[in-house]
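Novice: Spelled out, the chains give:
2 protein chains.
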Amino acid sequence: MTNKDARTPASVQDEKSQEAGKSIGWHKAYVEGSRPDLRVPVRQVHLTNGQSVTLYDTSGPYTDPLVDTDVRRGLPPLRDNWIIARGDTEEYAGRPVRPEDDGIKHTSPRGGLRNLDAVFPGRPRQPRRGRSGEAVTQLAYARRGEITPEMEYVAIRENVSPEVVREEIAAGRAVLPANVNHPEIEPMIIGKRFLVKVNANIGNSAVTSSIEEEVEKMTWATRWGADTVMDLSTGRNIHTTREWVLRNSPVPIGTVPLYQALEKVDGRAEELTWEIYKDTVIEQAEQGVDYMTVHAGVRLAYVPLTANRKTGIVSRGGSIMAAWCLAHHKESFLYENFEELCEILAAYDVTYSLGDGLRPGSIADANDEAQFAELRTLGELNRIAKRFHVQTMIEGPGHVPMHKIKENIDLQQEICEEAPFYTLGPLTTDVAPAYDHITSGIGAAMIAWWGTAMLCYVTPKEHLGLPNRDDVKTGVITYKIAAHAADLAKGHPGAQEWDDALSDARFEFRWEDQFNLALDPDTAREFHDETLPAEPAKTAHFCSMCGPKFCSMKISQDIRREHGGSRTEIEEGMAQKSKEFAESGNRVYLPIAD
Amino acid sequence: MTNKDARTPASVQDEKSQEAGKSIGWHKAYVEGSRPDLRVPVRQVHLTNGQSVTLYDTSGPYTDPLVDTDVRRGLPPLRDNWIIARGDTEEYAGRPVRPEDDGIKHTSPRGGLRNLDAVFPGRPRQPRRGRSGEAVTQLAYARRGEITPEMEYVAIRENVSPEVVREEIAAGRAVLPANVNHPEIEPMIIGKRFLVKVNANIGNSAVTSSIEEEVEKMTWATRWGADTVMDLSTGRNIHTTREWVLRNSPVPIGTVPLYQALEKVDGRAEELTWEIYKDTVIEQAEQGVDYMTVHAGVRLAYVPLTANRKTGIVSRGGSIMAAWCLAHHKESFLYENFEELCEILAAYDVTYSLGDGLRPGSIADANDEAQFAELRTLGELNRIAKRFHVQTMIEGPGHVPMHKIKENIDLQQEICEEAPFYTLGPLTTDVAPAYDHITSGIGAAMIAWWGTAMLCYVTPKEHLGLPNRDDVKTGVITYKIAAHAADLAKGHPGAQEWDDALSDARFEFRWEDQFNLALDPDTAREFHDETLPAEPAKTAHFCSMCGPKFCSMKISQDIRREHGGSRTEIEEGMAQKSKEFAESGNRVYLPIAD
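If you're matching them up, the sequences are chains S and Y in order.
The opening residue of the first sequence carries number 1 in this note's numbering; numbering runs sequentially from there.
The opening residue of the second sequence carries number 1 in this note's numbering; numbering runs sequentially from there.
One or more of the hints may lead you astray.
No copy labels: a pair is met if it fits in one copy or bridges any two.
Below, simulated SDA-like cross-link-like pairs (lysine to any residue); rule was C-alpha separation at most 20 Å, straight line [said to hold, decoys possible]: (1) K404 / G494; (2) K330 / V265; (3) K404 / G451; (4) K28 / R39; (5) K264 / R98; (6) K330 / R268; (7) K404 / W450; (8) K490 / G451; (9) K406 / G451; (10) K406 / K490; (11) K28 / Q51; (12) K490 / A364; (13) K310 / Q51; (14) K404 / R376; (15) K310 / E508; (16) K404 / P493; (17) K406 / W450; (18) K386 / A170; (19) K330 / T273; (20) K406 / G491; (21) K386 / N337; (22) K404 / A364; (23) K310 / T48; (24) K404 / G491; (25) K386 / G145.
Since the hints were derived computationally from the structure, they do not count as laboratory data.
Please model the complete structure; the sequences and the hints are all you need to start from.
Specialist: Dropping the structure here:
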């Protein structure tokens, strides 16, 4: 795969625009910070009226025609100098990669060695970790009053002062996921004071997708606005797939280490041990995973609380841990060893995403005792993590009817001391499989308005199958809508400028500007062209809804043209307008050949 | 078109199911009321566990294989006997239909007479109206304490007592749109105490669609759950198209008479007169239009309030009336003649949908002075309409950010004395053309939870083009999701049973039941089959998300099987469970050939 393959959407658009003899409408630009190696990417949209609009950009170097990307080489390690300059980390030999890491066993009847063809061919690297005993986390720096280049970077992205970023991280109200072994990322921040973020899940769970497809899904998801990506792969090549994804990802990558640990014990939950789990966490931390879902809140005593639920335990991690607890009738090894886990995560700056293993899987189970018992434990774990300077966010549900959503965010904020909430939807009804991006987009917008910092997307295939390329795009766009609707409702500075620019373009019939400002320019253009395909229709002062003869926006423009200025002037101008309107022929219809 | 053509979706599903050698999963059933001619249709879903679930059904006789429908003949006039038995209406010659009613002028250079081939060929009928001076509205009956067959019908549909229906109508908190000239409808009710309803718009505005296509769009929309349909046709054959739609529609039909009136003056807004408008209203009332959008709230003094808006006036009706007011510098003829209009509507039981001609067309214009000035006038008009016993609902926006939505419904309910609110979305952001079913579905769910009675759908083509068949379906399904999410949040009796039934089916891996209970069974089945096409996969105890080897629901089932019963029993059973789990081989994975 070369640059061109990885950035299909942008390329297609550019080529189409160029074919039409137009400017491309937008380009990748950079805002430079206090040092030359701190360049924050933005999407600069050029309007036909000479103005331009600057939008947040998650697509990485793939949309920059001046950067020659190659997925076999990986992205440039932007943050290497920043990490090294801090002097608190060291390279070390690292844990040897074993065939079992890729789900391949010598003893397996399937036989075979590790698939060496698939090994990531990029520059050799050694893993890095904090020097003995040192927390190398953005939280530790923020608490010491240090503004790191990463913090300055996100301050520029969010249009706030670096000090606000530092304060929010120091208070635990925001996280900046940035493993020292993932220097390729463009730093981003997750917290209620900032723009609402969207996570997209990828993963080769059904052995249906190849490594290349997973990398391509990641670049595709970030192209449409995913702020982070979780690699939920299971089965074969899990280690190698993750390596390819990490080396090519401009956004933080999250995982659920428990999935891989379970693979290593051939799916026998009761054979899981703290040692196997810990080894897997270190394996992934050395690769550069930025945040990890840890289901340490599923305690033995909570499992029976799910017995009378309509849909029991629907979280994979939650059910694995529940099965382990039942098998041994012992407290969860994740809960028991949580402090040691904190030490490991602190050494790499891996952020906790404390999993809600007991989240409700149906409307009937929302806000029940099992769910909130686990939430209280997550609050306890959050406090422990903070003692170790580990950045922490808290995962949330799930399936929740609208009137029970607010209680979720309010309780979480109270119990978890305002740690960022990271929710899956929630789905506001169970009756629409194939449309759960929408059932959950509704809940996501609401819970984000009320303070959720990041939304995990849901695709149309939820509950039914594996998302393909179109599903990933639909999921991301739906969740960008929910996130932006929340940014507007929260009054996020600058959020409305985007809406205003698009509405101005709509009112002034600047069709190309409307398309270029849209969350999905390609589909907006395609839908327009379906009814009015001709090129002149893109400069026409009407659209296909009211047809060429009559248009409410056109009349409004006339009214505004006549009545610009203050209210008094407007009222004075009324009689005059009436006269002129009559003189001009009193036509509401535009003249048109019929 | 015959029965088969009109009911494609049902037929396709039936045939597919029969091919697979299965029962069809659901059938059309009827609940009989206090008289044999009062039979309320329901969708009876048969589950594989022997239970059944009864769902509200809007699809009309088209989904009943025992009814032989024919769009050239029209639907049977269900309500004829009820209307005649009341003895307060009379047949009369009616207004002669003129070529101009179909947009055809003898003087037009296009020439030509009325397209006689298109004239509806069904049974000849004379229009009916209230005997002189009598209001023949459901509101008048309700106020007199009468429970009509229509009220009993909707009481059965809504699972409430007929007296509740009568009370809500009498108080003006609900409307039952049912023109005496549209006896074909299956009565339905719109009010916050009842299930949230969804309206779908159709209309041949760009001369791109034929009469047949409009009829087919109507049956298609109701097949997926549209509770009412607005025919927004303009241009040629407007009268005849409406006749075909009305005679074949099992749901109430709404229109905007102003659109046709404007056609009659060749698009010159200033040439509109009260006489032309009145004649058009009578024309449509005689045909059987059940509710009409009337933009009588756009008063002369409000027009300048829109001058400094970002997107001016975006309602077609609103901009036509604004242009008229400006041209004449006179008060709106709709406002001035509102009482006479009430008399006309009362004689046919046409319901008012008081239009919000000054609704905001962008986030920037939400909740502004123009919008709320008009709303206060709508409150005044609502009181006048009630004096004439005319049923009345109030239209609402539009484009509104989430934090400004509640003010809309709260103000409307206060100003309009709890008259049903009927909103278009609202769209919660302007930045996603091609996804405005979603931007607006979010706002629709919220405003419906807070008390909006009916939601006007928005399709993916909003702002871009004319909706095709797929867009209509997507719009309806999205809005059924919003409506049902609101029913759940309002705690509507029985609403959650549907979710519970589907979640039970999901938990128990009854895939066919999941599909049949889904809002869109076809797409749910298709998405499932895309990843796991084989027939055995539909009885498998896993899905493609976690694959065949591991499944959280499966573990949950084990837990529940062991821990059924009370909490104490569960806790006592824990140690036992642990023992058994170990004895059974401690397998989380299901055995599978690999």
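Novice: Hint by hint, note whether the structure agrees.
Specialist: Consistency of the hints with the structure:
Taking the closest pair of Cα atoms, K404 and G494 come within 20 Å of each other only across two copies (18 Å); inside a single copy the shortest separation is 30 Å, beyond that limit. Taking the shortest alpha-carbon separations for K330 and V265, only the intra-copy value of 19 Å comes in at or below 20 Å, while the best inter-copy value is 83 Å. Taking identical chains as interchangeable, the C-alpha atoms of K404 and G451 lie at most 20 Å apart whether they share a chain (15 Å) or sit on different chains (17 Å). For a Cα distance limit of 20 Å, the shortest separation of K28 from R39 inside one copy, 12 Å, qualifies, whereas the shortest one across copies, 63 Å, does not.
Only within a single protomer do K264 and R98 lie at most 20 Å apart by alpha-carbon distance; the minimum there is 11 Å, versus 80 Å between protomers. Within a single copy, K330 and R268 get their C-alpha atoms as close as 16 Å, which meets the 20 Å cut-off; across copies the closest is 81 Å, which misses it. With identical chains, the CA atoms of K404 and W450 are at most 20 Å apart both within one copy (12 Å) and between copies (14 Å). For the homomeric pair K490 and G451, the shortest alpha-carbon distance inside one copy (9 Å) is at most 20 Å, but the shortest distance between copies (23 Å) is not.
Taking CA atoms no more than 20 Å apart as the test, K406 paired with G451 passes in both settings, with 9 Å inside one copy and 18 Å between copies. In this homomeric assembly, K406 and K490 come within 20 Å of each other (Cα to Cα) both inside a single copy, at 15 Å, and across copies, at 15 Å. For the identical chains of this complex, K28 and Q51 are intra-copy neighbours only, at 16 Å inside a copy versus 58 Å across copies, given an alpha-carbon limit of 20 Å. When the C-alpha separation of K490 and A364 is checked against a cutoff of 20 Å, the pair qualifies only between copies, where the shortest distance is 15 Å, while the shortest distance within a copy is 30 Å.
Proximity of K310 and Q51 under a CA criterion of 20 Å is satisfied inter-copy only: 17 Å between copies versus 55 Å inside one chain copy. In this assembly of identical chains, the alpha carbons of K404 and R376 lie at most 20 Å apart only when taken from the same copy (18 Å versus 33 Å across copies). Taking the shortest Cα distances, K310 and E508 sit within 20 Å of each other only across copies (10 Å), while inside one copy they are farther apart (53 Å). Only between protomers do K404 and P493 lie at most 20 Å apart by alpha-carbon distance; the minimum there is 17 Å, versus 29 Å within a single protomer.
Taking CA atoms no more than 20 Å apart as the test, K406 paired with W450 passes in both settings, with 7 Å inside one copy and 14 Å between copies. In the homo-oligomer, the alpha carbons of K386 and A170 lie at most 20 Å apart inside one protomer (10 Å), although the nearest pairing across protomers, at 61 Å, exceeds that limit. Taking identical chains as interchangeable, the C-alpha atoms of K330 and T273 lie at most 20 Å apart only when both belong to the same chain, with a minimum of 12 Å there against 83 Å between chains. In this assembly of identical chains, the alpha carbons of K406 and G491 lie at most 20 Å apart whether taken from the same copy (19 Å) or from different copies (16 Å).
Only within a single protomer do K386 and N337 lie at most 20 Å apart by alpha-carbon distance; the minimum there is 15 Å, versus 70 Å between protomers. With identical chains, the CA atoms of K404 and A364 are at most 20 Å apart within one copy only, with a shortest distance of 11 Å there and 30 Å across copies. For a Cα distance limit of 20 Å, the shortest separation of K310 from T48 across copies, 18 Å, qualifies, whereas the shortest one inside one copy, 55 Å, does not. Within a single copy, K404 and G491 get their C-alpha atoms only as close as 24 Å, which misses the 20 Å cut-off; across copies the closest is 11 Å, which meets it.
For the homomeric pair K386 and G145, the shortest alpha-carbon distance inside one copy (16 Å) is at most 20 Å, but the shortest distance between copies (67 Å) is not.
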